[in-house]
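As they're listed, the protein sequences go chains A and B.
Sequential numbering from 2 applies to the first sequence in the working numbering.
Sequential numbering from -5 applies to the second sequence in the working numbering.
Careful: at least some of the hints might be erroneous.
Claimed, not checked - Pairs of lysine-lysine, DSBU-like flavour, derived with a Cα cap of 30 Å:
id, chain 1, residue 1, chain 2, residue 2
1, A, K210, B, K169
2, A, K183, B, K169
3, A, K267, A, K239
4, A, K210, A, K271
5, B, K297, A, K267
6, A, K239, A, K185
7, A, K47, B, K169
8, B, K265, A, K370
9, A, K185, B, K59
10, B, K297, A, K210
11, B, K59, A, K359
12, B, K169, A, K267
13, A, K327, A, K359
14, A, K43, B, K169
15, A, K267, A, K323
16, A, K271, B, K169
17, A, K42, B, K59
18, A, K42, A, K210
19, A, K239, A, K210
20, A, K36, A, K47
21, A, K239, B, K169
22, A, K359, A, K271
23, B, K265, A, K185
24, A, K47, A, K185
25, B, K59, A, K323
26, A, K271, B, K59
27, A, K271, B, K297
28, A, K323, A, K350
29, B, K265, A, K267
30, A, K271, A, K327
31, A, K271, A, K239
32, A, K183, B, K297
33, A, K120, A, K210
34, A, K120, B, K62
35, A, K239, A, K327
Note that these hints are calculated values from the structure, not bench results.
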Amino acid sequence: MSLYWPDDAAAVSTEPRLHALVVAVGDYPYLSGPKATPEGKKFGLKPLTTTIHTGARIAAWLTAGLPGFARDDLNGYRNTGCPLGSVEVVYSPPDGTSVLTRPDGTPVAVGPATMADIKAAVTAWFNRCSAHPDNIALFYFAGHGISTTAQFLLASDFYAPGVLDPWENCIDFTGLRQGMRKCKAKTQLFFVDACRERPFDATVQVNPKGQSLVGGAVWSDPPPAATGTYYAAAEGLKAYGPADGPTYFATAVLDALEGAGAGREKGTRKWLVDTFSLAGALGPLTEYLKDEHQLSSLTCSPHPEGNPAPINYPVRGYVRVKVGCKDAAKNSQLALQLTRLPDDFTSAKDEPRPWRGKLAPGDWRIQMKFDSFDPLDLSETLIDPVHVVLEDPV
Amino acid sequence: MSGRLQVAFADGMPDALVEVVSPDYETVGRLWLGPNRARSVDVPSEMSFLRVHLPDGRVVTLRDKDGKLKRTIRPGDLPPPAAASATRSVERVGDVTALHRDRAYLAALEPPQRATLGGLESANVPQPTDTLPDGTSVELVAATGPVRRVPPVQPGEVRFEPTDGRDRGCELRLKGPGGRLVVQLPGILRDVYARADRTADGVWLVSVRVATGNRPADQLLTYLAGGDLYRAVGMADWAVTAEEMVRDKHADPFAALVGAYLFLRTHELDKLGDWVNNLAVRWPAIPDGKVLRAWQLIHEGNKDREGEIRGLLLAAAAAGLPIFREGLSLLRDGLRLLGESADALGDRAGQVLVDAPFTAGVHDRPAGATTQFRVACIGADAGG
């Protein structure tokens, strides 16, 4: 049983809803550690903790907009046209526990991210998604992956001893996505947050294969009206995510969904993140994180398709902003004032530089003052997900 | 007050995407404009303003304090490249200096002309080294053979002279400590080079940068590869024009392919029309045309045409790797949807760089190698 929310599967609505499946794999006992098999060890893949934080964070975000589930740090999923319907989570942390604490403080036991549990969760998720064409299907995988011309995602029991085909416990994601042509949900979102710890390793240059989990789609099945497939492409553990927090890709995804990827919806003027705007925001937000954490190999590959379809209506849109000087010596003298009435921020010269923060979209006056240089007074229009101002005084 | 805003580019303006933004920051329209062209869009307020995405990567915000509904943008309205008031593109966050410099350099390059290619006078001039600072050798092979190298703009680059092959693509081959990287490229290239930079954590980053013969195609390709479909859709008018140009005997099939990928991605089958079939038939050595035609038929869902679709996909796979990464994914997906094996395709492609706009694959990666590869199209603004 992997239902994170609601408590009872019988309570899942058949009206238009978002149904999510989150797969978070941290424990790979047959690839490293005392249970590792000789063949499994050749992959050189280590257990992950960032994926576990990611699974918990994504599940928390999905539910944070529900009554009683509010959090200080997340506004959560909000879409009155397609509210949250269910969240299915399979979760394998390196310490073996599979209990998550929901935003309302209640613990929930979910299944491990073994292939058998993933299969069961996919079946439940698929059936819910397919119950109504106006549903949104959301799939999020965080764990190890292998990318060739196709994408393969490793379950926790990948290369388990006693399994005749060692690739049995591997998800053929490309096949899964194709199989989802059978699903009636017209909006389908896939997040592949897969670590490539040792990219292109010679030991895995055999043809990977796996289970698509949803089969039987034929070429003449019509494609979903709107799909978004969003891939992380970090190489190496350091670029993938901090050990004590979610992956950088998940951070960028949630930042976009919470408002950095929002634009005004035509007609309603509401802030809206849709399949296109999410994709457009992920690249700049990834660049922002890459710069902030000095990660040369962090990239992403968003792939929206079809029509733009609404995902989330955040409380407000915002812009990630970086302000400073190119010259470190000038940065050390920099006192900042950022104004867009009624908002007015100041940052004294001894604070970290460059200044980073979230600002409301709009026209901002940026005043830069220095001890031994003339001040700069800039006008900047903030609209895109990320805005960078690097100016040196003369 | 609402109305219809006309935006015109005066003579001397570059091709550029213009976003029309309402005073409360709703993007109400995206227009692809060039010199002496005008387009209109409905706006909720005459105080709507413009954001011009310039080829050098800058995004310039232009307002009209009088709220005129007819606006003409002239080169003098744009601040010079170093002006402080230009909005910075996010692409300048990472790899700031190199990307900015490259765009400024490329903005001045003209599309390749047959007369300037492979001139006899250059044949006897010794070529610069083919090796990057990390020991990676670089070779560009066109249909006519290896392409001559030209002096680097910056030390440590391996750069090639322009190419003008319209019947098939080129292949860029790199071989070094990170393994072999093979990149499929259009046959018409304004500039292509590789460079190696050591990152702060001591890892070599080997970058391939490409400007094709068509700036708008580069812009659209960059939007598509980056998933920025709103801005890509803003170039739909250009894409239709690129398709129509296929009828011309000096057509650029590569630019037309990029336009076709846009319409396939947005499921606008009506805009694909017959010319996709023309691409498939007239340029048989470019697999992308067949892949696009097959997917046009797949989306149409006519079960009587399964044999034709299968034939197109198998012929595309036999013709080689698609030039564009999107084509590789579509070929793989198409083969699998029809129950055909894509294993051979996978073997040929190697470990695919998922964030590259062109088909780029790593082969023979040594165990423990740390070199990272990047492939980018930088012939136009990457958007921000």
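Hint by hint, here is what the structure shows:
1. A:K210 x B:K169: holds, 28 Å
2. A:K183 x B:K169: violated, 43 Å
3. A:K267 x A:K239: violated, 40 Å
4. A:K210 x A:K271: Violated - the C-alpha atoms of K271 of chain A and K210 of chain A are around 44 Å apart, more than 30 Å.
5. B:K297 x A:K267: It is violated: about 38 Å lies between the C-alpha atoms, which goes past 30 Å.
6. A:K239 x A:K185: Given pair K239 of chain A, K185 of chain A is violated - Cα atoms ~39 Å apart, limit 30 Å.
7. A:K47 x B:K169: holds, 29 Å
8. B:K265 x A:K370: violated, 54 Å
9. A:K185 x B:K59: violated, 50 Å
10. B:K297 x A:K210: At roughly 29 Å apart (the allowed maximum being 30 Å), K210 of chain A and K297 of chain B satisfy the hint.
11. B:K59 x A:K359: holds, 28 Å
12. B:K169 x A:K267: violated, 50 Å
13. A:K327 x A:K359: Holds. K327 of chain A to K359 of chain A sits at ~20 Å (cutoff 30 Å).
14. A:K43 x B:K169: With a Cα-Cα distance of about 25 Å, the restraint between K43 of chain A and K169 of chain B holds, given a limit of 30 Å.
15. A:K267 x A:K323: The given pair, whose Cα atoms are some 29 Å apart, holds under the 30 Å limit.
16. A:K271 x B:K169: Given that 30 Å is the threshold and the Cα spacing comes to 52 Å, the pair is violated.
17. A:K42 x B:K59: Given pair K42 of chain A, K59 of chain B is violated - Cα atoms ~67 Å apart, limit 30 Å.
18. A:K42 x A:K210: Within the cut-off at roughly 18 Å; holds.
19. A:K239 x A:K210: Holds, at roughly 27 Å.
20. A:K36 x A:K47: holds, 13 Å
21. A:K239 x B:K169: holds, 26 Å
22. A:K359 x A:K271: holds, 19 Å
23. B:K265 x A:K185: Holds: K265 of chain B and K185 of chain A sit about 26 Å apart, inside 30 Å.
24. A:K47 x A:K185: This hinted pair is violated, its Cα atoms lying about 38 Å apart.
25. B:K59 x A:K323: Holds, at roughly 28 Å.
26. A:K271 x B:K59: Holds, at about 26 Å.
27. A:K271 x B:K297: violated, 42 Å
28. A:K323 x A:K350: This hinted pair holds, its Cα atoms lying about 15 Å apart.
29. B:K265 x A:K267: holds, 24 Å
30. A:K271 x A:K327: violated, 37 Å
31. A:K271 x A:K239: violated, 37 Å
32. A:K183 x B:K297: This hinted pair holds, its Cα atoms lying about 16 Å apart.
33. A:K120 x A:K210: Holds - the C-alpha atoms of K210 of chain A and K120 of chain A are around 16 Å apart, at most 30 Å.
34. A:K120 x B:K62: Violated - the C-alpha atoms of K62 of chain B and K120 of chain A are around 60 Å apart, more than 30 Å.
35. A:K239 x A:K327: It holds: about 26 Å lies between the C-alpha atoms, which stays within 30 Å.
When each numbered hint is compared with the structure, violations occur for hints 2, 3, 4, 5, 6, 8, 9, 12, 16, 17, 24, 27, 30, 31, 34.
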